[in-house]
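So the protein lines, in turn, are chains A and B. Here the numbering used here is used: position 138 in the first sequence is 138, and no number is missing along the way. Here the numbering used here is used: position 485 in the second sequence is 485, and no number is missing along the way.
Hints are supplied without guarantee of correctness; some may be wrong.
Said to hold, decoys possible - Here are some chain B residues pointing at chain A (derived, C-beta under 8 Å):
1) ASP170
2) ILE174
3) LEU257
4) VAL333
5) LEU395
6) VAL400
7) TYR469
8) TYR565
These are computed hints drawn from the structure, not numbers from a lab. Quick caveat, the model's predicted, so the values are computed rather than measured. Even glycine gets a Cβ: it sits at the ideal position worked out from N, Cα and C.
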Amino acid sequence: MSIAIVMVLVVAGSILFHVLSPWRATPIASNWGFIDDTMGLTFLVTGAGFVAVILFMAYCLYRFRHEPGRRAAYEPENQKLEAWLGIVTTIAVVILLAPGLLVWGQFITVPKDAMEIEAVGVQWNWSFRLAGVDHQLGSSDVRYIDTTNSLGLSPADPKGQDDLLVTSGELHLPLGKPVKVLLRSIDVLHDFYVPEIRAKMDLVPGIVTNFWFTPTKIGEYEILCAAYCGTGHPQMRGKMIIESEADFEKWQTAQQTFEQSRKSDASRDTRASAQ
Amino acid sequence: MTDASVPQNVAPPPAEVEDVELYHAHSWLTKYVFCQDAKVIAIQYAGTAITVGVLALVLSWVIRLQLAFPGAIPFIDASVYYQSVTMHGMIMVVYMLTAIFLGGFGNYLIPLMVGARDMVFPYVNMLSYWVYLIATLVLVSSYFVPGGPTGAGWTLYPPQSILTGTPGYDYGIILMLVSLILFIVGFTMGGLNYVVTVLQARTRGMTLMRMPLTVWGIFAAAVMALLAFPGLFVACVMLLLDRTLGTSFFMPSLVELGERKDYVGGSPILFQHLFWFFGHPEVYIVALPAFGIVSDLISVHARKNIFGYRMMVWAIIAIGVLSMVVWGHHMYVSGMDPWFGFFFAVTTLAIAVPTALKVYNWVLTLWHADIHFTTPMLFALGFLVTFVNGGITGLYLGNVIVDVPLSATLFVVAHFHMVMGIAPVLVIFGAIYHWYPKITGRMMDERLGKIHFWITFLGAYAIFFPMHYLGVLGMPRRFYEMGETAFVPASAATLNIVITVIALAVGFAQSIFFYNLFRSLKYGAPAGGNPWRAASLEWQTPETPPGHGNWGAHLPVVYRWPYAYSVPGAPEDYLPQNAPPMSGEHSP
Ligand code: HEM
Ligand SMILES: [Cu+2]
Ligand SMILES: [Cu+2]
């Protein structure tokens with residue numbers, strides 16, 4: 001009997017918690033508002049289901065609790081009722097699935113004009129690479145990694161010489177332009193995760209993965225790693241700064257190219273050996 | 001109400017099995033230790049599973065303490081934290097839940113519920129337990145090797161799991177893989193037994209559609225496990241080879257902390273496919289027995305037939321089949337071909353339909369029932385709440401695009417604890433309170449049982465319900481410490497402290513259960529053969545606890561389904577499955 005009351009309280013408490021909870025999704029900073037909408041819809045549909053089922057159960061518990069002289073009804077099945085419940089549930093599932101799949105379709109269709117950038121993960125920090133004046137990223141391979149070439153760009157590929165290398169862990173992006181993030185890992189699985197842009201994707205050693213988004217809000221955002229990658233996993237942080245096109249350009253010109261970085265490393269090396 | 005296609009029961013159908021002569025133990029050792037009686041093997045399985053389960057529970061305190069008071073407890077560093085998370089997760093899922101449902105309840109209940117004298121291969125059944133025990137010991141022994149147990153996460157994803165950045169990479173991971181391989185060998189011996197016993201050793205009149213749903217759930221789970229565990233088996237063997245012999249099944253060329261490794265050409269994603277080909281069915285390997293048991297608990301204690309029995313059976317089968325083709329929903333952001341997303345989202349959400357039908361039927365069983373609020377019933381009701389709650393969050397994570405922001409956050413942790421952590425554990429407790437009288441001949445204390453229920457149910461809900469919201473906020477899982485993170489407000493730390501306090505309280509409250517369990521062995525009220533006045537066969541044994549061979553001189557003969565409660569015209573509110581038919585009776 002008290003369980004019937006507690007069930008009602010559990011439902012009421014859950015709803016109350018949902019309404020009052022200060023822990024909500026971060027303000028969105030990308031084009032993926034549809035993801036939030038789909039989640040909102042899912043909440044409404046499933047929340048209604050939860051409340052209905054548990055309240056119905058609470059009612060039964062109260063109404064049909066054992067009392068002297070009560071005897072249960074005998075009803076092995078009721079195919080009509082079961083069929084109806086099946087149909088209603090199927091409709092609810094379709095309502096959730098249809099918009100979800102539509103948005104997924106957008107998620108995996110990268111706009112043609114997206115700017116390609118590369119994020120590289122290594123235990124436990126982030127580096128980035130942007131295309132240089134030729135607007136193309138050069139090829140890369142783990143084989144080429146050495147102290148003067150930490151991202152493993154192919155030294156012979158002319159497309160890579162002008163690539164901009166960002167090893168400070170701070171990525172700048174222009175507002176309002178779609179970006180395709182190419183993801184590459186040098187050691188283990190990582191995952192490029194910025195809560196405010198909603199999208200995320202794993203970095204898998206051996207292959208290049210990608211996802212895309214359009215930044216929609218100027219600001220500074222934290223990049224986390226969302227695939228467990230060893231003891232330093234929580235410390236694997238980067239920064240994503242979304243700024244106006246002009247600011248972005250200014251930042252870009254201040255970055256070192258692959259060619260420059262090799263030269264300065266080489267001259268440092270000769271200086272070191274001369275001493 | 002009965003369907004005309006269901007045969008009536010004037011005379012029992014012909015015998016389906018011949019009676020068998022069992023092995024009889026001659027010494028103390030073969031009677032209690034190397035025993036071939038499924039009932040003893042069941043206790044051995046359950047005892048071992050509960051023991052490691054307690055270890056896993058203690059490990060959850062380590063995790064929770066660190067999350068609430070990061071850095072405050074000296075012995076918890078990053079390595080200890082990740083080792084605890086890994087061992088907690090793996091033990092709970094494989095060594096505790098799988099073992100107790102199939103090895104424990106499966107062994108005890110299948111022969112009794114289908115009217116068999118024992119499992120069909122008693123010797124293999126015994127071996128199954130001993131191999132499981134060795135697997136468990138190998139796992140626990142990883143605490144005593146240099147470097148300690150592996151901290152790779154229970155998913156053991158390579159390359160990370162076999163490289164130096166992960167604790168326990170030197171010996172811990174090897175012991176983990178060997179232990180899993182042994183577990184699967186042991187399980188396969190048991191699993192074949194459960195399946196063949198259900199198919200071959202049912203007593204006269206026990207048609208498949210007269211089996212209790214408990215047996216259906218365990219049977220379907222055993223079939224699934226026999227199909228799914230091989231995926232994990234090969235994954236473990238291949239990963240072990242990558243680790244020890246330097247093969248490259250899962251390892252591409254990579255640079256490990258500045259040092260170039262010799263691996264070349266392997267695929268980390270292949271491991272994930274193999275792991276989840278096992279891992280997702282595993283959820284249902286745990287859930288289906290729980291579904292079955294909870295159906296029986298509700299029916300018995302509500303004095304009413306389970307509503308829509310045939311639908312329940314078909315739902316179990318549909319879930320079993322579908323759940324073999326949904327594993328990709330764990331890999332939406334893994335870098336696999338994104339087109340898979342469409343397929344796996346559709347199959348995953350399709351499972352919601354048979355699952356929801358089961359929930360409706362449980363709840364509809366309560367309609368016009370005569371509900372007794374016994375301890376087993378309370379646990380069954382607690383299961384319904386946590387299962388529905390955890391089930392609906394599965395619709396978020398299954399719907400590929402909604403999973404993208406939520407994957408790898410605490411939302412996932414909250415979801416799977418609700419649905420496959422708390423819900424099945426509540427069923428286990430309910431089942432123990434329910435069958436304890438049959439196993440021991442004594443009742444467990446109802447008052448203590450109810451106190452245990454309230455603390456466990458409300459506490460567990462309070463631990464995991466709020467955790468979803470930290471996930472929506474974006475807090476990642478498997479974070480040893482959050483550190484300074486701009487988007488995480490200070491209130492999240494407060495919530496983490498509250499959760500931890502409740503988790504500790506719920507953990508300690510389990511001592512009430514153990515006190516009750518052991519005290520009742522001696523001081524519990526004598527139960528008699530059928531204290532719940534239940535209709536299924538296990539309650540109709542000539543002796544309680546049932547003797548070797550279960551049924552005395554003659555196997556029981558079954559005349560009806562196990563849900564003949566409150567049948568109109570019957571003298572009592574239940575008709576045992578083996579009671580001779582009443583005149584004019586139309587039971588399924
Ligand atoms: C009251 C009891 C329990 C508490 C307080 C608890 C708590 C936790 C916590 C805090 C984590 C770590 C989350 C993170 O990564 O940040 C965790 C992980 C996990 N738990 Fe539990 N848990 C409990 C019972 C269970 C049960 C019964 C199961 C059985 C299914 C289970 C399965 C797991 C799994 C599979 C993981 C994931 C491990 C990993 O990330 O590698 N837990 N638990
Ligand atoms: Cu990481
Ligand atoms: Cu799954």
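Right, here's what the structure says about each hint:
no.	hint	in the structure
1	ASP170	violated, 14 Å
2	ILE174	violated, 17 Å
3	LEU257	holds, 6 Å
4	VAL333	holds, 5 Å
5	LEU395	holds, 5 Å
6	VAL400	holds, 5 Å
7	TYR469	holds, 4 Å
8	TYR565	holds, 6 Å
In summary, the structure is inconsistent with hints 1, 2 from the numbered list given earlier, while agreeing with the others.
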